[in-house]
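Visitor: Can you make the complete structure from the sequences, with help from the hints?
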Amino acid sequence: MMDAPQIVKTQPLLMARNVSKSFGNIAALQDVSATVYPGEVLGIVGESGSGKSTFLRCLNLEEHPDQGSYTLDLPNVQGNLFDLDRYARRMLCATRIGIVYQNPHLGLLMKHSSSGNVAERLLVAGERRFNVLREKARDALDASEFPLDRMDAPPIELSGGMQQRVQLAKAIALEPALLLLDEPTTGLDVSVQALVLDTLKKLQQERKITMVIVSHDLGVIRTLSDRVMVMRRGRVVEEGLADQVFQDPQHAYTQQLVHAKL
Amino acid sequence: MAYVATRGGERAIEQSQRLFKAEMGAITPERVAETRRAMPYLVDRVMGEASLYDEDLAALALAQTGGELYETILLLRSWRTTQPRLAVADPVTQEGLFTHRRISAAFKDIPGGQLLGPTLDYAHRILATEVLTGTPHVPTLVTPAPHPAPAQQPSVAAWQAENDLLNLPNPDTTAGNDIPDVTREPLLFPAKRAHTLQSLARAETGGVLALGYAAQRGYGQAHPTVNELRLAEAEINVTHPRGTKFSAGRVKISQAEVVSKKGSQLELGFAATMGWNEVKVIAAATLDLNSAGAPKGSATEEEFYLYHTEGVESSGFCIHFKLPHYVTFQSSLDAMRDAKAKQAEPAE
Amino acid sequence: MSLKSLTKAWEPMSYGFLDASAKREIRRKMLKAIAVPGCQIPYASREVPMARGWGTGGLQISCTLLNPKTTIKVIDQGADDSVNAASIRRFLAGVSGAPTTTDTLKADLIQSRHRIPEEILREDQVLVLQVPNPEPLRPVQPNMSIARQMHADADYGRMWLQLYEQIVRSGRVMQGASYPSLVNGRFVMTPSPIPRWDVPKMHMAKHLTILSAGREKRLHAVPPFTKVEPLVFDDVPYKVEDHGAHVCTRSGAKGYFMNEIPQDDGPSTFEVSDSELGVKSIHRADGEAVQIGETWYKNGEMTE
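Chains as they are written, first to last, in the working numbering: chain A, 1 to 262; chain B, 263 to 610; chain C, 611 to 914.
These aren't lab readings, by the way, just hints derived from the structure by calculation. All figures in this text were calculated on a predicted structure; none of them were measured in a lab. Heads up, the beta-carbon is just placed ideally off N, CA and C, and yes, glycines get one too.
Calculated lysine to aspartate or glutamate pairs in the EDC-like style (CA-CA distance at most 16 Å, straight line):
#	chain 1	residue 1	chain 2	residue 2
1	B	K283	B	E333
2	B	K454	B	E563
3	C	K849	B	D600
4	C	K633	B	E447
5	C	K679	C	D734
6	A	K201	A	D226
7	B	K602	C	D852
8	C	K849	C	E911
9	A	K136	A	E175
10	C	K864	C	E911
11	C	K816	C	E914
12	B	K604	C	D852
For the chain B half of the interface with chain C, some residues (derived, Cβ under 10 Å), not all of them:
#	residue
13	E272
14	R339
15	S340
16	R347
17	P448
18	P452
19	V574
20	E575
21	I581
22	H582
23	M598
24	K602
Guide: In structure tokens form, the structure reads like this:
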């Protein structure tokens, strides 16, 4: 008897089901579901207003949907995460989920040191040894290919690309189970963008971090993702393996996107 | 003996108080009566900020402090706080006020009519130096209007609500001793509506003006239109424990309604205080108008403006910096010197 | 027997200044504070005949705890003779008829601004500390509503980050006085602006400490035998002011917290900050019989 392929045996790490969210009369998300397996990268693509960033904020538990469920297959993490109270939500996000925002002001204390921004994560998790904080902050910054001679400079004095690396270091400092990336390279120079993408790819390969990345940029999604979800007006219009979706888009909207890119 | 100074502190403060009193001269009933008679608007402002309506005590406090306003308010507030709460008066309604002055910037004419009343608004502010050289200012007789204005009028906001321009908040039915009293319990946030209005009524005029002005100048989201400004007298009706209702007297009050357009409706800001103090109620109503949804830490956020317009707290804290801080300063110096020494050490 | 003989004559002021309802509220809030060590309890904080920021919080506690037999000591910056201490002592004695003292050992109730006496306090003594700002999170979160939520969540990451940043920038924790401390393993509190020298005195102390901020309308407590731990990293030890070796030029006392007195012709001399300890040391040097209690610090080192 033949073994089933490896992937079938594995439980999904992340399962979101029928997530809906309205802002006033505007339905930002309608019945959005997603499944992500351990070590996999899910790319979510769509234009602005498609609901992709709202969905990511729901996954980071900073937005509360009107409906839907969300589970993470992790030890000591049970039930629908949307039902967690404020305290449990904060602890889960601080220790198990990392996020990189497009706008570094959302993710960083701009006037604190870069190493301090990374250390804060470890402090929240209870680390009380100064030297260990230094060491781990240095390691995380190093893994994000941040120049270590600037590790105590505040983000406000750094370039956009460097700020994203500090965010990334902060996000991975605790070796999170899930890394969320919200347009992580948007707004950066093309050359800087490529370098940051390189780092992300390298990290993913070395550490097998499970990621969900949101971008309007097909190139970014294509570089990083194993699987792709295309969103439009709060709905998922197409999903599948990255190569498949990009080579042979089924939905008219996806075809339009892919062709526009070409 | 070295430490003979132990009692020196007490002697020093005794003498410094004598010096202050010597410069003030005698405080007599006549002086208090004259203060009350000569400065009704100052007395009003003081009664509002002290949240104690008693013209004689206000005038006494002014006389006793020589008009040092922060001291005046503190004197009255700390006297007030020791007084028992004997009864809670019936709510004062807008329609029940005896109106002396009522103006609206929103409409040329309003139901009930504009009532100019006593004001300096249109006076030319020319200093009457001739008074000093012996020509007193004697008031000229007021010619009464042909038809007396109705003494009691509805609010402009009530008319707007009837005409679907504005949603009036639901009337609060809390009564009597259940009405939260900010002088008997701490102010917490989000603040109870009663606490907000009470705090604004007690707030320091200058502080409310500064923050209200900041909002009016553009740091607030909403531009106020003075819907109605009213100076009036309110009857204070109290129920005797035996059940008879009686009037405990009349108090002067000021109130302002300001509105601003929000979507298809008008939004309302309101403030009232005891005594006649127009600047304060317009500024306070502007803050109230702007406070819904104001960003944390902005001047129009409730927590920000209520904390920072509390005159007794803010003035007290400000002057407390005169007190010795040897210990804290010494402690900081120690940390500074140590850090400096560390920086001078060669790096490891 | 007439009704008049049973009631007290009307007086313009209540005993201990505050009326009974104000005192009752404070008693209840103190009990709450003792039950939840280090947790800030909001209270009405009535106006008192002293300016806010001048000890009105401590004053309300003292007024509530006083009775005609309570022996009161009042200190400001360690000194009984400072003008503000004198003013508060005179007020407390005036509204209560209670005796006053400058001797730490004889006091039942000690109201203090910015110092804990050097002589060890006993179980039967209460220390009331005046607090300008009760919120240790203020430097990282000025908004009171958010700060309250952070305490509820024991969300002290920013607090620790502040210490991390200071060490990175200056090589040490730069907090001078008011060193943030964890009470009973749960709430971070400000010990009031006492020097770092005094914070260890609170840890597992025999006496009750009530800390009260009149202007900010909050009080908190450190009950007897309660853990008080300054926030420090495991590998960067807590450091009190480097005063252990200084000698008081007036009393000869050595190994206590000092006031620095700059000199015209050179650096500085020092005077012991606890003025009553200075007075006692002088008396002892003059050969007089004087009782100096056990002190928390011996030879400039904190005893266990």
